[in-house]
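Going down the list, the sequences are from chains A and B. Just add 531 to wherever you are in the first sequence, counting from 1, and you've got this note's numbering. Just add 531 to wherever you are in the second sequence, counting from 1, and you've got this note's numbering.
Treat the hints as calculated values from the structure; they're not laboratory data. Just to be clear, a hint being listed does not mean it is correct.
Any copy will do: because identical chains look the same in the list, a pair fits if it lies in one copy or spans two.
DSBU-like mimics (lysine-lysine), calculated; alpha carbons at most 35 Å apart, straight line [what the hints assert, rightly or not]: (1) K909 with K603; (2) K717 with K675; (3) K897 with K939; (4) K768 with K712; (5) K603 with K773; (6) K680 with K712; (7) K889 with K685; (8) K885 with K909; (9) K909 with K764; (10) K712 with K764; (11) K952 with K712; (12) K885 with K680; (13) K897 with K885; (14) K939 with K952; (15) K909 with K559; (16) K885 with K712.
There are 2 protein chains.
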Amino acid sequence: MAGDCGKWVVMVTAQTPMNMSVIKYWGKRDETLILPVNDSISITLDPDHLCTTTTVAVSPTFDRDRMWLNGKEISLSGGRYQNCLREIRSRATDVEDDENGIKIAEKDWEKLHLHIASYNNFPTAAGLASSAAGFACLVFALAKLMNLKEDRSKLSTIARQGSGSACRSLHGGFVKWIMGKDEDGKDSLAVQLADEEHWDDLVIIIAVVSSRQKETSSSTGMRETVETSLLLKHRAKEVVPKRIPQMEEAIKNRDFASFAQLTCAESNQFHAVCLDTSPPIFYMNDTSRRIISIVENWNRYEGTPQVAYTFDAGPNAVLFARNRKTAILLLQRLLFYFPPDSFFGLNSYIVGDKSILKDAGIEGIKDVEGLPPPPEMKDSIPSQKYMGDVSYFICTRPGRGPVLLSDKTQALLNPQTGLPK
Amino acid sequence: MAGDCGKWVVMVTAQTPMNMSVIKYWGKRDETLILPVNDSISITLDPDHLCTTTTVAVSPTFDRDRMWLNGKEISLSGGRYQNCLREIRSRATDVEDDENGIKIAEKDWEKLHLHIASYNNFPTAAGLASSAAGFACLVFALAKLMNLKEDRSKLSTIARQGSGSACRSLHGGFVKWIMGKDEDGKDSLAVQLADEEHWDDLVIIIAVVSSRQKETSSSTGMRETVETSLLLKHRAKEVVPKRIPQMEEAIKNRDFASFAQLTCAESNQFHAVCLDTSPPIFYMNDTSRRIISIVENWNRYEGTPQVAYTFDAGPNAVLFARNRKTAILLLQRLLFYFPPDSFFGLNSYIVGDKSILKDAGIEGIKDVEGLPPPPEMKDSIPSQKYMGDVSYFICTRPGRGPVLLSDKTQALLNPQTGLPK
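Whenever a hint applies, use it, and build me the whole structure from the sequences.
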């Protein structure tokens, strides 16, 4: 170790995306290593709209490992953090920071402590699982700081031990988490199927659904499903292994009809095995079901899928529109059924890529009120409006994998003290 | 044919109960004969609270078969009615009505026409499937009129062709519908496992849940599940065959804990395969889920099941309390969360066996307002009230099978004209 009298701080800042599964991960075969009962496939979301930024720092002045999440210090004593930190430290190598004249030898990493600050660019209240982006960012940033030689897929096996789905956030675009066979989990990792440019027609709209229910955590939920559902094993052994190559093919060919059929069926089957759990787990509510009806009715009316839906461990809908034109029609439908509260207005109701709103010709509440009922709306859905049932919508798209942020102003820790700014 | 110059009318009136399945029937292997993909088990409900009354009449003056349901004439041209009428006519035998000096020979039945009037003693708006009791009553009454020699289980094979679950309404108490193996459906029939006296501790409370959704008919729903669900086959082949003997054993031993565990798991798995259908079928809504939470929380708090729930093709909850004492505690909980609208009052809010209400010490709205929160209610369920989410409750019990009503004043057809009274 060398440097300015041991007062130096070395920092790395990274940004890592969220991902949304289209072939679902539900059920572990190993709780500690976090090994799943089936492969899964996800789409990485544009980090401009949904991401985690993490700064990791090392300094001989730090007396213990510490972490701040969204500005608040949290404990690192949990097994998941400890597993990730241990796995990364064991792979650390020599670091030479020529700029500041600092050298850290491989053996020093065991003695040095870390400061970690992490921040999500979306409200926690959204109920959007942030642990995937969070653990992926932690692992990616630390791997850079400690000069790990492992590639992203290898790093994904470490992130996986923090939060299963985190492994998929190590890549951009379209990602497969291969369940693997090894008992030690070394082959349970994420690979990129295609990058985010491959299918850039896709538009993603997330409906953040208001909920008064306290939800079962996904860890608890999947454990209870594994223990009690008589359908889960059949799903994992017979259904998913057939769907994985079908989904890979659909993505490869940008075949939206197959993609939509598989994505919706997967979401529904995941919630079906939750319901087959004892006691049953409900993540979707009446608003979620209403959104499904709107999409299913529209798809049936058009004769070919326009939009696919998927729901994770909560009531929020993630909708995939086949292209920008469809996304405009989708947003009009969503605003027709779920208009914004006129007091708060449109600006905070549609976030992310607001340009879709503009292309839809909607600039204010008046334009929403003027939206005609969708033509597919017959007696099947009453023309009722559900103001207040959706908190807001996020417009986004497939996005890139983790990146380093070299702009030092974006660091979350003070470069002198190593404490949160 | 002999009698008073061909002006006679011969009539029979019968009353037949509804039944509620605890091992679910969902999916046909033969759409025309109505042959199921698995066995099912039901409990017959007390006809004092839920039943169909049917009068069937024959007269040489009738020029065609006609039917009135709840006072309104309906068409008999549907395949299901035609199948039942054909099957019954083919088994008709000689009838001698000594009282009126009328003789009808076996061969005459092919030429004679029928009048049928049917009436449900519960509102159609309840969304409680009335076709089971209806077809069972039609078949039972006609079998008597036409002097069929078949026993009730044989008659159940005819009722089955009107509506699958109707076959189970031919018996009282606890009933199994054996799926059978024959292609012609002759061995797909209902048998009684135990009569209604066997386990008369059980109290049944039905929550009629308000719903704005238009529901998928069960015929359409089960066809779509058979065609698209990848989980249904596994359920029918692997899961239900194991649960049937377990449920028979639980009923035989009046083992409420096993009965409750199986009943709830079956209800949830049935709704799981509905959700696994494409497009997904939702019968339960947020109110249904709230009732499940109330029951699950209470059962967990007590450490042993107090109440079981089951939901058919709609949002209504059917709750089984282990005994009268538990039923009182259940009703108090239900009224705590779902109080009646004070304008309409209690009298029309709790129907059926109102004595449970009295034993619960609840005589008016004031008593409902004074109900304390259940002790198991911690932070898990907010102490919110959901007035208006339940339309009303029906208190009932296991009941008897079909009976003939010899009191002629109860006939629904005029004995002279054979037309509705």
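Enumerated hints in conflict with the structure, sorted upward: Structure breaks hints 3, 5, 7, 11, 12 and 16.
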